[in-house]
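J.: One letter stands for each residue in the lines below.
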Amino acid sequence: MSEMTKTYLQGRIVEDEVHLTLVELCRACGVHQEQVASWVVEGVLEPTGQMAQGWQFGGASLRRARLAQRLTQDLELNPAGAALVLDLLDEIEALKARIRRSGAF
Amino acid sequence: MKFKDYYEILGVERGAAQDDIKRAYRKLARKYHPDVSKAPDAEVRFKELGEAYAVLKDAEKRAAYDQMGSQWKTGQDFQPPPDWNAGFEFSGRDATSGDGQGGDFSDFFEALFGRQSGRARGPRHAMHVQGQDHHAKVLIDLADAYLGARRTISLRMPTIDAGGHVVTQERKLDVTIPKGIRPGQHLRLAGQGAPGIGEGPSGDLYLEIAFLEHRHFRVDGADVYLDLPLAPWEAALGASVTVPTPEGKVQLTVPPGSAAGRRLRLKGKGIPGNPSGDMYAVLTIALPAADTESAKDAYRAMAKAFDFNPRADLLG
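Here the protein sequences line up with chains F and P, keeping their order.
The first sequence runs 1 to 105 under the numbering used here.
The second sequence runs 1001 to 1316 under the numbering used here.
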């Protein structure tokens, strides 16, 4: 009976289908707007649009902002330090992807 | 309940100065931070560190903890003695600072110091506030990304009860995993986060999608890679071989003269989407063992047939 009526929730793929405003991004990451603005200054996030209130963040910003938030909170990094770590993690990810592509070679 | 030796976890002496404790924590936190560490147990270690530091950095908690004596060892069965903390007051209980992952500490910690409540966010006295967004991780199989899937996931969500305490609630959700999802992407389920306060709307739930490791396939974005072993004669003469893909077997033509490491593309056979990813077969060459007389003869015949020096380039 319940099997028959079970409804499955449909989500939207954030990276492909969603743009986030400053307010939405802050809520999704649990951070203040000033914090996000400081990451924008350091180039961690690259929104489109003029002025903070008009910023639009691509879906991929969610993962980056959450990562920056965890690093900031857990390791007490300042925005420049968080930006450096994210750059290095990107580089490691690119190297790992190269290994995945070449496999045994 | 098992005793936890917070000094041992941070690798410091019982008499360590506050500065040494901070230094030890910082160093280990960098080493075991789950976002940067390669250690398989990083997440568990990092949580332990956070808990140990939450106690030892706080003069009141540390003094109370020290009072239990030094005869305890990690992993020993433990019950806090009655009135163990008489005379101590934990001002931090609700106000504890920002670096606690609220509600995430061990039974041992909670028995001694009570539950950590999550950080209060947003204006506390506003009448209508949107609920917090929640996050969870979902593991799927590669095949689920090709076909789409339905999953029932159970979430443990910290929520605030009527009395203002943090309680963990089990919640089951039936979710559609859309075809074409790629590892590391997030699904947003609108309105499935924490309930709002007053007439504020509920928060959203974000699900981070991770793929279970597959025995044969490697995923890079929307592309899928497979190591494809060939016999030396297949690589040299060309062949038509059967290759598995996440959605079934296909026939692949290997051109003559294929070297190891060559990538053959199966266009559009990666994770579906707009555009779909590709699948790549990365060629490897497997040598048959020379373990019978006829096999040895075959290798000897090859040696005779070829005027081949694979090291010509090295010595030239």
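The set of hints was computed from the structure by calculation and includes no laboratory data.
Any given hint could be a false lead.
[Stated by the list, open to error] In silico lysine-lysine, DSS-like type, Cα no more than 25 angstroms apart, as pairs: (1) K1031(P) - K1172(P); (2) K1031(P) - K6(F); (3) K96(F) - K1304(P); (4) K6(F) - K1267(P); (5) K1038(P) - K96(F); (6) K6(F) - K1038(P); (7) K1172(P) - K96(F).
[Said to hold, decoys possible] Partial selection, computed: residues in chain P whose CB lies under 10 angstroms from chain F: (8) T1253; (9) P1256; (10) G1257; (11) G1261; (12) F1306.
The C-beta atom is built at its ideal place from N, Cα and C for all residues, glycine as well.
J.: Under the constraints set out in the numbered hints, which ones does this structure not fulfil?
T.: Hints 1, 2, 3, 4, 6, 7, 8, 9, 10, 12 contradicted; others consistent.
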